[in-house]
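Model the full assembly from the supplied sequences, consistent with the hints where possible.
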Amino acid sequence: LLAKRWYGHNYQANVYLTGGLGTATDRSVAGLGSDTASFVGVMTDWETRTLFVSYEARFLEQGKLGNHSMHAARFGWAPYTGDTGELHTWLMLEVDHRKHFDNKTTVTPLLRFFKGPALFEAGYNVTDSAPMFNFTYRF
Amino acid sequence: MKKMLLILAVTLTSLPVFANDNHRVMDHHAQHEKNQGEMNHDEMNHGEMNHDEMNHGEMNHGEMNHGPEHSHGSHEHPTENAKEDVMTMSAPAITTTDDITAALANGGAPVVVDVLGVVCDFCAVAMNKIFGKREEVSALYVDLDKKTLSLVVNKGASLSDKDIENLAKKAGYRIAAIRRDAEALGG
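Protein chains in written order, with my numbering: chain A, 1 to 139; chain B, 140 to 326.
Calculated from the structure, these hints are not laboratory results.
Be aware that one or more of the hints could be misleading.
Unchecked claim - Distance windows between CB atoms, simulated:
1) 244/B with 46/A: 54 to 62 Å
2) 274/B with 32/A: 51 to 59 Å
3) 104/A with 237/B: 48 to 56 Å
Ideal placement from N, C-alpha and C gives every residue a C-beta, glycine not left out.
As structure tokens, this is what we get:
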């Protein structure tokens, strides 16, 4: 949910409110099972056609699995400026902090591509040694 | 980790946008356009001006009051267009695509809208969706380089400035200016 947007000739900045509802399952050796989960969060970003900065804070409520919070920041740079309909490419770095994890702070370099209504991200969390993929399509 | 963040910070501060060089050029050009009839060069910082990036070919120096101290002998006035997004002596004209050319040929009215906050293709998708639904609009194109929305309004139809403003708001953006007809064509 877009809560606020600032407009400039060369930039835009946004504040979004986020939320979700679902089921969380504990897959650790503790085997706590599953429970209903929900999250609320706030995300803010500032972007030009070549620079991007964002910050997100999220609180997760998972019933018997416990409550958690996370913070994440992203920095992005576009090596070239794509015009309308062209392939846009971004080099990004995400740093996130999850208080309840062993590796509390992790770093994920990623590539973001988008063209028209489709956005695809591929990254690798170098702290947890885990790949990351995101896909968004704007209807 | 700290070393990585430090390297990133140093890299970002060395980028042109942070260094603000581009804005100096744009600011100068915007001021140039605004004050064509009453330029006071004594108040301008010529040390920051980059005449090589200006498109003097489209300037009408006869209408400009440069004052007695300005000399054109020290710089060239190329007649070929410089890069369009650097040249800001005149407001951007309508962006021509096959659809827009065809719509204009059918008697449609050209409209150019300067849009604030247009930085990515998702912005273009949002505006295409909102404006594309309007029966009055026969063709449109969002130009990220010029930061404009080019529209052709069907012959006999009308789309008021207020309508355009409201549609842009609905798409999530704000407008800075609207140009129509000859002005939209760059005349």
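Verification of the supplied hints:
no.: 1; hint: 244/B with 46/A: 54 to 62 Å; in the structure: violated, 42 Å
no.: 2; hint: 274/B with 32/A: 51 to 59 Å; in the structure: holds, 57 Å
no.: 3; hint: 104/A with 237/B: 48 to 56 Å; in the structure: holds, 55 Å
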